[in-house]
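Each chain, written out:
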Amino acid sequence: MRDVRLLETGFDPAAELAGFAHAHPEAGGIASFVGQVRAGQGVTALELSHYAPLTLPGMEQLADEALSRFDLMGLQLIHRVGQMTPGDPIVSVCAAARHRRDAIAAVDFAMDHLKGDAWFWKRELRAGEWHWIEPREQDRDDLARWK
Amino acid sequence: MRDVRLLETGFDPAAELAGFAHAHPEAGGIASFVGQVRAGQGVTALELSHYAPLTLPGMEQLADEALSRFDLMGLQLIHRVGQMTPGDPIVSVCAAARHRRDAIAAVDFAMDHLKGDAWFWKRELRAGEWHWIEPREQDRDDLARWK
Amino acid sequence: MAIRLVFLGKLADLAGAPQREIATATLGWADLLAGCGAELGGALASEKVRVALNGVIVADKASLKACDGDELALLPPVSGG
Amino acid sequence: MAIRLVFLGKLADLAGAPQREIATATLGWADLLAGCGAELGGALASEKVRVALNGVIVADKASLKACDGDELALLPPVSGG
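From first to last, the protein sequence lines are chains A, B, C and D.
Take the first sequence: its letter number 19 is residue 355 in this note's numbering, and every next letter is one higher.
Take the second sequence: its letter number 24 is residue 360 in this note's numbering, and every next letter is one higher.
Take the third sequence: its letter number 42 is residue 49 in this note's numbering, and every next letter is one higher.
Take the fourth sequence: its letter number 57 is residue 64 in this note's numbering, and every next letter is one higher.
Note that these hints are calculated values from the structure, not bench results.
Think about it this way: if two alpha-carbon atoms lie no more than 25 Å apart in a straight line, the pair counts; the simulated SDA-like pairs of lysine to any residue are: (1) C:LYS72 - C:GLU54; (2) D:LYS17 - A:GLY364; (3) C:LYS72 - C:ASN61; (4) C:LYS55 - A:ALA388; (5) D:LYS17 - D:ALA52; (6) A:LYS483 - B:ARG481; (7) A:LYS483 - C:LYS55; (8) D:LYS68 - D:LEU40; (9) C:LYS17 - A:HIS467; (10) C:LYS55 - A:GLU383; (11) D:LYS55 - B:PRO393; (12) D:LYS68 - B:ASP453; (13) D:LYS68 - D:GLY35; (14) A:LYS483 - A:VAL340; (15) C:LYS17 - C:GLU28; (16) D:LYS55 - B:ASP478; (17) D:LYS17 - B:GLU460; (18) D:LYS17 - B:LEU392; (19) C:LYS55 - A:LEU390; (20) D:LYS55 - B:SER385; (21) D:LYS17 - B:GLU344; (22) C:LYS17 - A:LEU461; (23) C:LYS55 - A:GLN474; (24) C:LYS55 - A:PRO471; (25) B:LYS483 - D:VAL65; (26) D:LYS68 - B:PRO393; (27) A:LYS483 - A:GLU396; (28) D:LYS55 - B:LEU390; (29) A:LYS483 - B:TRP482; (30) D:LYS55 - B:GLY418; (31) D:LYS55 - B:ASP475; (32) D:LYS17 - B:ALA375; (33) D:LYS68 - B:ARG476; (34) C:LYS55 - C:LEU82.
Make a model of the complete structure from these sequences and hints.
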C-alpha cells in the first residue's frame with residue numbers, strides 16, 4: 337500500500353497509524369514519525385506553503401524511492417499545508433516491513449527528504465509577526481547521508 | 337515522561353501513541369515502532385514468557401539508558417507477555433524529542449535492546465505445535481551497533 | 008500576451024504578492040532579474056533559488072526561455088517537515 | 008530445606024515444568040548440572056545459558072552457591088520484541 341497525501345486541513349496521526357497497521361497484518365512491524373507544531377518558544381501559528389505542480393508529485397516520487405530502496409510492505413506519507421497552531425500535526429510517515437530495521441530506516445529516509453528536499457516553505461508567527469524558517473545546516477547533513 | 341509497562345493483556349498502540357503525543361506538546365516530533373504478530377506463515381498463536389524479577393527492571397534500565405543517551409523529552413516502552421494471535425501488538429516504543437533524529441535513534445536503540453537484550457522468550461504455534469524462536473544473528477549484529 | 012510568475016516562500020513577501028503577470032511574449036533569466044528591481048532581483052539571483060517552468064525544474068537557469076502563457080515559479084530553499 | 012529452580016524458555020520444556028524444588032541446603036553449579044541429568048544438564052551447560060540468583064545475574068556461574076530458600080533462574084538466549 338502506497339498512500340501519499342497533501343492535506344489542507346487537520347488530521348489525526350494516531351488514527352492514520354491505526355488504519356495503516358490494520359491494512360498490513362502481514363508486517364512484523366510498523367515504524368512511524370509524527371512532526372508537530374511545537375508548543376512554547378512564543379510561536380502562536382505556523383504556516384506551510386507549497387507549489388502544487390511540484391509538491392505532491394515530489395512526495396509520490398519520494399515514496400517510490402523509499403519503496404525501492406527498503407524492503408517495505410507499505411508506506412504512508414501525509415503532509416499538511418496551510419495554517420496550524422501549536423500541537424497540530426504537520427507531517428506523518430508510517431512504514432510497514434517484515435523486519436523492523438527496514439521500517440525504521442524508511443521513516444528516517446522519508447523524513448530527511450520531506451524536511452530538506454520537498455517543496456514546502458514554512459513560516460512562524462511570533463509576537464504578531466511572521467518569520468520565514470530557513471533550512472538548518474543539520475537538515476543538509478541529514479540528507480547527505482543518503483547520497 | 338518515562339512510561340514503562342509490561343502487560344498481560346492486549347493494548348492499543350495507536351491510542352498509546354495519541355496519549356503520549358498529547359503529553360508532549362513541546363516536542364517537535366514523536367517517533368514510534370510497533371511490533372505485531374505477523375499474519376500468514378502458518379502461525380496461529382505466539383506466546384511470550386518473561387522472568388518477573390528481571391524483565392520489568394531491565395526495561396526500566398533500558399529506558400534510563402535511552403533517556404541519557406539521546407536528547408529526549410519522553411519515552412514510552414510497552415511490551416506484552418502471554419499468548420497473542422496474528423495482528424496483535426507485541427511491543428510499542430514511542431520517543432518524543434525536540435529534533436527528529438534523536439526520537440528516531442532512540443526508538444531504534446530501544447527496539448534493538450528489547451529484541452536482543454531483554455528478558456523475553458518467544459514461541460510460536462504452527463500446525464498445532466509450539467516452536468521456540470531462537471535469536472537471529474541479525475539481532476546480535478543490530479545490538480552490536482550501540483556498543 | 009503574458010507570462011505568469013509565481014513567488015514561493017519569502018520571495019512572495021519581497022515581490023509583494025504571490026503572483027505577478029508580465030505582459031511579454033518571451034522572457035529569459037537575465038530579463039527577469041533586470042525587470043524585478045534591485046531587492047527582489049538580487050534575491051532571485053541567488054544560486055539557491057530554483058526555477059520551474061510549467062511545473063518542471065529548469066536545470067540551467069541561464070538558458071531559460073519562457074513564452075506567452077507559461078508559468079514560471081521562483082523557488083527559494085525549502086523548509087518542510 | 009529447599010532451593011527453587013526456575014526454567015525459562017525452552018529449558019522449561021526440557022525440565023518438564025517451569026519450576027522445580029531441590030531439597031538441599033546448598034547448591035553449586037556443578038552439583039546442579041550433575042543433578043539435572045544428561046539432556047537438561049547438557050542444555051544448561053551451554054555458555055549461552057545465564058543464571059540469576061534471587062533476581063540478580065550471576066557473573067561467574069562456576070562460583071555460584073545457592074542456599075536454602077534461594078531462587079535460581081536458568082535463562083536461555085532471549086528472543087523478545
